[in-house]
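Engineer: Everything in the sequence shown is counted per this note's numbering, starting at 1 for the first residue and increasing by one.
Since the hints were derived computationally from the structure, they do not count as laboratory data. Cβ coordinates follow ideal geometry from the N, Cα and C atoms, glycine included. One or more hints might be untrue.
Label pairs and their calculated CB-CB ranges [said to hold, decoys possible]:
1. Glu-15 - His-36: 20 to 28 Å
2. Trp-54 - Arg-7: 32 to 40 Å
3. Arg-49 - Ser-16: 23 to 31 Å
4. Trp-25 - Val-55: 19 to 27 Å
5. Val-47 - Asn-21: 24 to 32 Å
6. Asp-14 - Ser-57: 46 to 54 Å
7. Asn-52 - Arg-32: 49 to 57 Å
8. Trp-54 - Asp-14: 38 to 46 Å
9. Val-53 - Asp-14: 35 to 43 Å
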Amino acid sequence: MADKAQRRVLIPVDESGSTLNAIRWYLEEVSRPGDHVILLTVVPFQVQRQTNVWVSSEEDETPPTNEASNGE
């Protein structure tokens, strides 16, 4: 075991100031020669809720009636 296993270090990055702090902390406190550093960024996933209502052209052209409300 003359060679130590290469460490893999994952540092998440985004647009905040915390990213620079995390990289700085790694470099100053725990980095070792031979480390394999991986910077990971994740694109936010946005959910867009959409409801599609399909109506046939016959229903679309027929005016609503009030027969039920007239008691007939």
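Engineer: List, from low to high, the hint numbers that the structure doesn't satisfy.
Structural biologist: Hints 2, 4 are the ones this structure does not satisfy, whereas the remaining hints hold.
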